[in-house]
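A.B. asks: So the sequence lines, in the order shown, correspond to chains A and B.
In this text, residue positions in the first sequence follow my numbering: the first is 1, and each later residue adds one.
In this text, residue positions in the second sequence follow my numbering: the first is 1001, and each later residue adds one.
Do not rely on the hints blindly, as some may be mistaken.
[As the list claims (entries may be wrong)] Straight-line C-alpha distance at most 35 Å; calculated DSBU-like pairs for lysine-lysine:
no.: 1; chain 1: B; residue 1: Lys1111; chain 2: A; residue 2: Lys323
no.: 2; chain 1: B; residue 1: Lys1128; chain 2: A; residue 2: Lys20
no.: 3; chain 1: B; residue 1: Lys1055; chain 2: B; residue 2: Lys1156
no.: 4; chain 1: B; residue 1: Lys1363; chain 2: A; residue 2: Lys20
no.: 5; chain 1: B; residue 1: Lys1363; chain 2: A; residue 2: Lys68
no.: 6; chain 1: B; residue 1: Lys1363; chain 2: A; residue 2: Lys3
no.: 7; chain 1: B; residue 1: Lys1297; chain 2: A; residue 2: Lys20
no.: 8; chain 1: B; residue 1: Lys1024; chain 2: B; residue 2: Lys1156
no.: 9; chain 1: A; residue 1: Lys3; chain 2: B; residue 2: Lys1093
no.: 10; chain 1: A; residue 1: Lys323; chain 2: B; residue 2: Lys1093
no.: 11; chain 1: B; residue 1: Lys1232; chain 2: A; residue 2: Lys218
no.: 12; chain 1: A; residue 1: Lys218; chain 2: B; residue 2: Lys1003
no.: 13; chain 1: A; residue 1: Lys278; chain 2: B; residue 2: Lys1128
no.: 14; chain 1: A; residue 1: Lys3; chain 2: B; residue 2: Lys1024
no.: 15; chain 1: B; residue 1: Lys1128; chain 2: B; residue 2: Lys1055
no.: 16; chain 1: A; residue 1: Lys218; chain 2: B; residue 2: Lys1006
no.: 17; chain 1: B; residue 1: Lys1194; chain 2: A; residue 2: Lys3
no.: 18; chain 1: A; residue 1: Lys68; chain 2: B; residue 2: Lys1194
no.: 19; chain 1: A; residue 1: Lys3; chain 2: B; residue 2: Lys1003
no.: 20; chain 1: A; residue 1: Lys218; chain 2: B; residue 2: Lys1128
[Claimed, not checked] Just some of the chain A residues that point at chain B, by a computed CB distance under 8 Å:
no.: 21; residue: Pro8
no.: 22; residue: Ile12
no.: 23; residue: His13
no.: 24; residue: Asp16
no.: 25; residue: Phe113
no.: 26; residue: Gly117
no.: 27; residue: Ile120
no.: 28; residue: Thr325
no.: 29; residue: Arg326
Everything labelled a hint here was simulated from the structure, so no lab data went into it.
Glycine included, each C-beta is placed from N, C-alpha and C at the ideal position.
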Amino acid sequence: MNKLFISPSPHIHSGDSIEKNMYGVLIALIPALLCSILLFGIGAIIVSLTAVLSCLFFEYMIQTFLLKKRASIFDGSAIITGLLLAFNVPSNLPVWIIIIGALVAIGIGKMSFGGLGCNIFNPALVGRVFLLISFPVQMTTWPLVEGISTAYIDAQTGATPLALLKEALHTGQSVSDFLTSETFIGYRSMLLGNIGGSLGEGSAIAILIGFCYMLFRKIITWHIPVSIFATVIVFAGILHLSNPDQFVDPFFHLLSGGMMLGAIFMATDYVTSPMSQKGMIIFGVGIGILTVVIRVFGAYPEGMSFAILIMNAFTPLINRYCKPTRFA
Amino acid sequence: MLKTFKLGGIHPRENKLSAGEKIKALPIPEQVVIPLSQHIGAPATPVVQKGDTVKTGQLIAQAAGFVSANIHSSVSGTVTAIDYVTDASGLSKLAITIKVEEDEWIPEIDKNNKFLPNITLSKEEIIKAIANAGIVGMGGATFPTQVKLTPPPGNKAEFLIINGVECEPYLTSDHQVMLEKAEEIIVGIQSLMKAIDAKKAIIGIENNKEDAIEHFQQIANRVLGIEICPLKIQYPQGGEKQLIQATIGRSVASGALPISVGAVVQNIGTAFAVYEAVMKHKPLFERVVTVTGKSVKSPGNYLCRIGTPISQLIAAAGGLPDDTSKVIGGGPMMGRSMINIDSPITKGTSGVLIINEKEAARKTARNCIRCGKCVSVCTMGLEPYLLEKLAVTNMLESLEIEKVMDCIECGSCSYTCPAARPLLDYIRLGKGRTATMIRNRK
């Protein structure tokens, strides 16, 4: 007779795995990646490849030689970190800076906490913010969109709509002056993707396609992105209504900078976001408010990465106090 | 929109391989082993001795206390031993072994197949007949039925809820009983309604059994007070609290009994057993068991005498496949894996599931990636990832605060976990320890 195994129930598994979820996110990132290649040309390819490969390299080295365990670089998480890091930097960033960013993202942001599942902060954002503070000039010099370009370092550069707006307001112009001026490219371009900025900030539509895909595959739920968008609309809307000359309308906020990318791909990172749906909504509201506050009142034109990192720090607290609805 | 319960839930692949297979009677074995503890509560006390001859349906062990159940012989023959035997889990249990000689039933049983629709017994007589017949919850929980029918003073049953959900993948015994014995089940339900003075009965059936829903709707139309409630396919809808919420929209509080919201829940198989006990004076000594599995040659539904070796049932379905890894008593989500397949079929055996090597393989557990999927599938609104962590570190007070005792052990969390963590294994461990801690406090 055969030897029978015994084990506690359940005796079947859904077949879901970390890999399926991670590669699902990567598939969702494809439209945005294609869009960035279309907009920024060869630079987008160089930056993305460098970031992904160096993230994989550092993860492998740290796991094998420092932690002395079996490397798990193909679980997909390091590739996501690399790609998201690339999406958060300008397409003409020198290769060596990207490598430093990848080292900080994987080494400090992820591995120093114990690897996948243990980190407190979103690794890609840790890398991005480190680079922003260390290399402010390179990180805020964005190449202009000129169709498919083959230039990498020497492309013509310009600022993002958010930075332009900040500067305009600083020099005493009103919001309506700016929106009608020649420097502003218009909402349609912002939606379809025709703006200067980091790789992944190009097109809101491409990112929304990825969002739909992830919702369909049930990789993420709607709670975090929708609560971020709703909060930004309400909060920025109130500011705008109180003084339309000083504060830009909420749709400018939604379409500009890293709003879409951050809300859909960075804030929804499994590891660093809350577990319960109630917690996710609080998390999203927090990010929404902080982003608008930093953008409107802070020194930086863009506030998404800081807002997400700050709320990441609150995640354990939210998990502790936001219990899911019990049965009865 | 079809009704269902509110929180969580999963939809595993149904794999109802034996659906539509007619109920066949399994041949009576040469020897049966009838355990004295086939129910929750005190083991029954034997009333026969070694060497006695018994007839089919004869009482061989009597309920020992309020929460206990009578046990009857399922065959006629000679008692050869009253001794400890190894049960399916490998534990020693007291059992009566009977060598089968023929199949002579006690004369009280009405062996006629004629359908009897008119209940003549009074409320008390019905409960007595059920207790005498040794009927227990046949969905697998095996709680003595007469105890559920005598609610504590001050409680009134408004609804009788009949569980025809069969939400476990693979199992089809309830489905097939519903198709073949619907009229009898309705009379059984009427008896139960009379026993608890309930004006309304609701039969909850999941939507994957459309034929059963239709069949029942036709019959129930003629009967006052019985309603069919088609339910959305969602595991674990067969859980008592989940079924009550799905059918009548009331939530049973943590630690409370269904009667606190005016509900009594009984299984479809139990309702059929009640019909046989009340109308035909037939004790519970046989039941329908599904034998199934992906590698099983001919999955089917068999009417088995209690005490028949499980190996004999497996042989009837084409024998144990070569790639067998686990044999499960019950369904794949909540069933128990067996160590001894020569152990007997009992009153609570709803199915025998044979799991092949491919399906049984467990992936290595990885780090929790905090995706929150376990939280979103938990039907009790708990946080399995947290309970697991607390159980590993043995933080029993925290486990109690986090309501570990509410866990119904449905397994949805372990089933869903992308990191393949054995969440329920640890939660069960923590729950057991927490229960001990709570008991010792008193």
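A.B. asks: State for each hint whether it applies.
C.D. replies: So, going through the hints one by one against the coordinates:
Distance check on the hinted pair: B/Lys1111 and A/Lys323 sit about 57 Å apart at the alpha-carbon level, beyond 35 Å; violated. Of the pairs offered as hints, the one joining B/Lys1128 and A/Lys20 is violated, with about 56 Å between alpha carbons and a cut-off of 35 Å exceeded. Pair hint B/Lys1055 plus B/Lys1156 does not hold up; C-alpha atoms about 39 Å apart against a cutoff of 35 Å. Our distance criterion of 35 Å between C-alpha atoms is met by B/Lys1363 and A/Lys20, whose separation comes to about 14 Å.
As the CA atoms of B/Lys1363 and A/Lys68 are separated by approximately 22 Å, the hinted pair is consistent with the 35 Å bound. At most 35 Å may separate the alpha-carbon atoms for a hinted pair to count; B/Lys1363 and A/Lys3 meet this at roughly 20 Å. The straight-line distance between the Cα atoms of B/Lys1297 and A/Lys20 is roughly 33 Å, inside the 35 Å bound, and the hint therefore holds. Taken as a hint, the B/Lys1024 and B/Lys1156 pair is broken in the structure, with Cα atoms around 40 Å apart against an allowance of 35 Å.
Note on A/Lys3 and B/Lys1093: the hinted pairing holds, with a Cα-Cα distance of about 23 Å set against a maximum of 35 Å. Taking the CA atoms of A/Lys323 and B/Lys1093, the gap is near 43 Å; set against the 35 Å cutoff, the hint is violated. This hinted pair checks out: B/Lys1232 and A/Lys218 have alpha carbons roughly 19 Å apart, not beyond 35 Å. Our distance criterion of 35 Å between C-alpha atoms is met by A/Lys218 and B/Lys1003, whose separation comes to about 22 Å.
Between A/Lys278 and B/Lys1128 the alpha-carbon distance is near 50 Å, which puts this suggested pair outside the 35 Å criterion. The suggested pairing of A/Lys3 with B/Lys1024 holds, with an alpha-carbon distance near 29 Å, which does not exceed 35 Å. A distance of roughly 22 Å separates the Cα atoms of B/Lys1128 and B/Lys1055; the hinted pair therefore holds under the 35 Å criterion. Distance restraint check for A/Lys218 and B/Lys1006: the Cα-Cα separation of roughly 19 Å lies within the 35 Å cut-off, and the hinted pair is therefore satisfied.
For the hint pairing B/Lys1194 with A/Lys3, the CA-to-CA distance comes to about 49 Å; that exceeds 35 Å, so the pair is violated. Distance hint between A/Lys68 and B/Lys1194 is unfulfilled; the C-alpha atoms sit about 70 Å from each other, more than 35 Å. At roughly 43 Å between alpha-carbon atoms, A/Lys3 and B/Lys1003 are farther apart than 35 Å, so this suggested pair is violated. Between A/Lys218 and B/Lys1128, the direct Cα distance comes to roughly 52 Å. Violation of the 35 Å bound is thereby established for this hinted pair.
For A/Pro8, the interface hint holds, since its Cβ comes within 8 Å of a Cβ in chain B; the closest pair sits about 5 Å apart. Interface restraint check: A/Ile12 against chain B, minimum CB-CB distance 4 Å, threshold 8 Å, status holds. Because the beta carbon of A/His13 sits about 6 Å from the nearest beta carbon in chain B, less than 8 Å, this interface hint is met. Interface restraint check: A/Asp16 against chain B, minimum CB-CB distance 5 Å, threshold 8 Å, status holds.
The beta carbon of A/Phe113 is not positioned within 8 Å of any beta carbon in chain B (closest approach about 11 Å), and the interface hint is therefore violated. Because the smallest distance between the Cβ of A/Gly117 and any Cβ of chain B comes to about 4 Å, under 8 Å, the interface hint for this residue holds. At a threshold of 8 Å, the smallest CB-CB gap from A/Ile120 to chain B is about 11 Å, leaving the interface hint violated. The closest approach between the C-beta of A/Thr325 and any C-beta of chain B is roughly 5 Å, which is under the 8 Å cut-off, so the hint is satisfied.
Look at A/Arg326: its Cβ gets to within about 4 Å of chain B, closer than 8 Å, so that hint holds up.
Of the numbered hints stated above, those contradicted by the structure are hints 1, 2, 3, 8, 10, 13, 17, 18, 19, 20, 25 and 27, listed in ascending order.
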